[in-house]
Amino acid sequence: MDKIRQNLFIYSVGVLFIIILVLAAAGVIDLYIQTVIMFIGVNIIFASSLSIVNGYMGEFSCGHAGFMAVGAYVSSVLSVTLFTANKLTGAPLLPPSLSVVLFPVVILIGGIVAAIAGLLVAVPSFKTRDDYLAIITIAVNFIIVTLINNMAVVGGSRGFMGMKKVLYAMKDVVPFPYILFWVMTFAILTVFIIRRFVSSVYGKGIIAIKQDEVAAEIMSINTNRMKLVAFMFSSGLAGISGGLFAHVIGYVNPGSFSILKSTEALVMVYMAGMGSLGGSVISAILFTILLELLRPFQILKWVIIPLLLILLMQFRPEGLMGDKELPDFFPKLKKYYKFK
Amino acid sequence: MSLLKITNLVQRFGGLTAVSGYQADIKEGSLNGLIGPNGAGKTTIFNLISGFYVPTEGTIEFDGTLINGKKPHEVTALGIGRTFQNIRLWHDMTVLDNIRLSQHYHLQYSLAGALFRSKQYYKREREIKEEALKLLDIFGLKKEADEFPKNLPYGVQRRVEIARALSVQPKLLLLDEPAAGLSSADVKELIDHIKWIHKNFDITILMIEHQMQVIMNLCEDIKVLDFGKTIAEGSPEEIQKNPQVIKAYLGDEGDIYA
Numbered sequence: 001m002d003k004i005r006q007n008l009f010i011y012s013v014g015v016l017f018i019i020i021l022v023l024a025a026a027g028v029i030d031l032y033i034q035t036v037i038m039f040i041g042v043n044i045i046f047a048s049s050l051s052i053v054n055g056y057m058g059e060f061s062c063g064h065a066g067f068m069a070v071g072a073y074v075s076s077v078l079s080v081t082l083f084t085a086n087k088l089t090g091a092p093l094l095p096p097s098l099s100v101v102l103f104p105v106v107i108l109i110g111g112i113v114a115a116i117a118g119l120l121v122a123v124p125s126f127k128t129r130d131d132y133l134a135i136i137t138i139a140v141n142f143i144i145v146t147l148i149n150n151m152a153v154v155g156g157s158r159g160f161m162g163m164k165k166v167l168y169a170m171k172d173v174v175p176f177p178y179i180l181f182w183v184m185t186f187a188i189l190t191v192f193i194i195r196r197f198v199s200s201v202y203g204k205g206i207i208a209i210k211q212d213e214v215a216a217e218i219m220s221i222n223t224n225r226m227k228l229v230a231f232m233f234s235s236g237l238a239g240i241s242g243g244l245f246a247h248v249i250g251y252v253n254p255g256s257f258s259i260l261k262s263t264e265a266l267v268m269v270y271m272a273g274m275g276s277l278g279g280s281v282i283s284a285i286l287f288t289i290l291l292e293l294l295r296p297f298q299i300l301k302w303v304i305i306p307l308l309l310i311l312l313m314q315f316r317p318e319g320l321m322g323d324k325e326l327p328d329f330f331p332k333l334k335k336y337y338k339f340k
Numbered sequence: 341m342s343l344l345k346i347t348n349l350v351q352r353f354g355g356l357t358a359v360s361g362y363q364a365d366i367k368e369g370s371l372n373g374l375i376g377p378n379g380a381g382k383t384t385i386f387n388l389i390s391g392f393y394v395p396t397e398g399t400i401e402f403d404g405t406l407i408n409g410k411k412p413h414e415v416t417a418l419g420i421g422r423t424f425q426n427i428r429l430w431h432d433m434t435v436l437d438n439i440r441l442s443q444h445y446h447l448q449y450s451l452a453g454a455l456f457r458s459k460q461y462y463k464r465e466r467e468i469k470e471e472a473l474k475l476l477d478i479f480g481l482k483k484e485a486d487e488f489p490k491n492l493p494y495g496v497q498r499r500v501e502i503a504r505a506l507s508v509q510p511k512l513l514l515l516d517e518p519a520a521g522l523s524s525a526d527v528k529e530l531i532d533h534i535k536w537i538h539k540n541f542d543i544t545i546l547m548i549e550h551q552m553q554v555i556m557n558l559c560e561d562i563k564v565l566d567f568g569k570t571i572a573e574g575s576p577e578e579i580q581k582n583p584q585v586i587k588a589y590l591g592d593e594g595d596i597y598a
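Protein chains in written order, with this note's numbering: chain A, 1 to 340; chain B, 341 to 598.
Please keep in mind that the hints were generated in silico from the structure rather than gathered at the bench.
Where hints are given, some of them may not hold.
[To be verified] Listed next, with one range per pair, are the computed distances between beta-carbon atoms:
id	chain 1	residue 1	chain 2	residue 2	range
1	A	A139	B	T405	24 to 30 Å
2	B	N426	A	S157	49 to 55 Å
3	B	Q460	A	Y132	54 to 60 Å
4	A	R195	B	P377	48 to 54 Å
5	B	Q460	A	T146	51 to 57 Å
6	B	N491	A	G255	29 to 35 Å
7	B	R457	A	I289	32 to 38 Å
C-beta: ideal position from N, C-alpha, C; glycine also.
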């Protein structure tokens with residue numbers, strides 16, 4: 001009985017996951033709501049991945065969308081060429097039915113390539129920090145977007161499409177809301193592994209860097225290696241969010257990953273509170289819902305959201321949750337959640 | 341047996357020579373002092389030993405290994421622990437985490453081990469926690485284990501910092517002004533504490549200190565620096581009587597009336 005109580009939170013997440021999937025498969029939840037849920041999932045991955053660098057490690061990365069773009073394009077090109085008839089290879093390179101099994105692998109490959117792209121920021125971070133590193137991250141965002149803009153093979157500024165055909169190929173095997181399933185799965189796994197990372201002595205090395213880098217070095221932490229791990233881990237997860245985003249939308253263009261997209265991630269992380277994973281999740285949910293609620297107001301929403309952020313920074317500069325997690329506010333929750 | 345051998349150490353910052361021809365031969369198990377007026381180059385020598393600066397000239401040999409140019413975490417892994425003039429604890433981490441993190445260099449599990457919770461991960465995390473709690477117990481800090489250092493009195497923070505430096509299991513402990521900011525009662529306690537650490541941890545200590553009470557009570561051998569140069573060396577009694585040391589600290593009699 002104790003074991004059930006201690007894992008009640010995890011069971012609740014599992015039950016919610018199944019309920020959403022069943023309702024989506026039965027058509028009770030319409031496509032719009034499904035899309036909003038998927039955007040929430042993508043934003044949870046995007047925001048919590050940035051919280052590794054900006055929240056836990058205390059650096060200021062503001063070009064996170066660049067890595068999202070890498071993941072989006074790599075996984076899109078892979079899935080389209082492997083599973084659908086396309087302009088690049090003509091016939092699909094693999095039987096389309098294999099997409100059911102290989103879709104998560106394609107998304108992960110996008111994440112791995114994005115992690116490697118993360119080296120563009122990780123290596124300068126050995127000798128640079130604060131504002132100067134922030135400028136480098138913006139530059140990397142511009143470099144990636146400009147490169148994609150000039151790559152005719154992936155459509156250049158016109159963008160790249162065909163990912164919906166991959167989803168149809170999956171649905172042809174067994175009708176099931178695959179993309180919803182994978183977005184939710186990756187979102188849950190992302191939060192889970194980040195939590196594991198920052199709760200281990202290994203991962204706490206990045207928190208030590210944030211609090212005092214000199215002390216971290218002298219207490220035997222290889223700060224360069226930890227920065228490398230943090231930046232690659234963070235950009236890899238951003239790449240995964242990009243891959244999923246591209247397949248949810250079915251179309252990507254370089255404009256989707258501009259500095260504005262990076263700003264969205266910053267808004268979510270700073271709204272959440274630096275160094276709060278739970279905060280990043282809540283903030284990603286609130287931010288996505290807010291965007292949808294303000295959709296009828298068109299341009300006005302980009303007045304309202306920054307205004308809300310200004311008010312938040314004015315009255316609660318540490319963000320919604322600061323560096324605390326939900327059980328710090330509600331200690332009774334600890335009874336229902338045992339973290340391993 | 342020599343544990344730390346420094347030969348002709350020179351450190352220049354542009355036109356300024358902070359350390360000039362410093363020599364040292366620190367014997368294993370000894371307790372040594374490094375004193376001198378402000379700006380004499382004492383902390384620079386600590387920064388050179390612990391790898392924050394690469395010497396302009398000279399060599400630093402620790403336990404038979406040349407450590408010039410090694411990174412601070414590599415120097416620590418070789419067995420040199422250090423505290424700072426201004427306490428540099430991780431103030432938003434618990435005291436227990438401050439101690440646990442100093443095991444970073446011999447975690448014996450990888451990133452994958454941490455993410456997928458390997459058996460080795462659980463084993464090492466348990467061992468690291470047990471060792472940290474044992475050390476905190478020895479230092480009388482067990483009940484502060486879950487406190488944040490920023491909420492503790494200054495004297496206790498100093499004790500946590502020394503415990504943290506010892507948790508890397510050093511052969512040589514560098515203490516940079518451990519008595520700075522302490523009350524006279526805390527200073528007396530600190531002296532006893534350092535004596536106890538020296539005896540029980542079987543460790544070599546090199547300390548910088550401005551409070552002569554601490555240095556004269558603890559150190560067997562003292563070096564005095566002024567403007568980056570060694571001006572005197574010897575036992576506490578010899579140093580107290582050395583006219584050059586008196587001059588460096590108090591100036592010439594004539595200076596007052598000039």
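Tested hints:
no., hint, verdict
1, A:A139 with B:T405: 24 to 30 Å, "violated, 40 Å"
2, B:N426 with A:S157: 49 to 55 Å, "holds, 53 Å"
3, B:Q460 with A:Y132: 54 to 60 Å, "violated, 38 Å"
4, A:R195 with B:P377: 48 to 54 Å, "holds, 51 Å"
5, B:Q460 with A:T146: 51 to 57 Å, "violated, 44 Å"
6, B:N491 with A:G255: 29 to 35 Å, "violated, 49 Å"
7, B:R457 with A:I289: 32 to 38 Å, "holds, 33 Å"
Hints 1, 3, 5, 6 from the list above are not met by this structure, while the remaining hints are.
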